[in-house]
Amino acid sequence: MDLLMWEQYKKTARYMQSFILLACVAIYFITRQPMAVLIFFGVMQFAALFGAAWGARIKYHSERMARRRDELPLERRR
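When you line the sequence shown up against our numbering, it's residues 1 to 78, in that order.
For the record, the hints were derived by calculation from the structure and aren't laboratory data.
This one's a predicted model, so the numbers in the text were calculated from it and none came from an experiment.
Glycine residues also receive a C-beta, built at the ideal position from the N, C-alpha and C atoms.
DEER-style ranges, computed between Cβ atoms: (1) Arg-67 - Leu-21: 36 to 42 Å; (2) Ala-13 - Pro-34: 22 to 28 Å; (3) Thr-31 - Lys-59: 34 to 40 Å; (4) Arg-68 - Val-25: 43 to 49 Å; (5) Glu-7 - Ile-39: 27 to 33 Å; (6) Arg-68 - Arg-32: 51 to 57 Å; (7) Val-43 - Lys-11: 18 to 24 Å; (8) Lys-59 - Phe-19: 20 to 26 Å; (9) Thr-31 - Lys-11: 27 to 33 Å.
Whole structure, please, built from the sequences with the hints as guidance.
This is the structure in structure tokens:
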């Protein structure tokens, strides 16, 4: 996990963690099963990290392609 991923995660962390907390509370009151809440919590935390990594990768590739478009074709071969 690189620095770009953590920067992306920090941008959305407050909102994602708030949503995860509210969803876990709602699931607890609906199901009254702590194990279901723990599983949901774990899956959502994994999804938040996976989403941040994916977003960082997309951002890296789009910046890389933008830099590449600025170069002349003969300069790319170096």
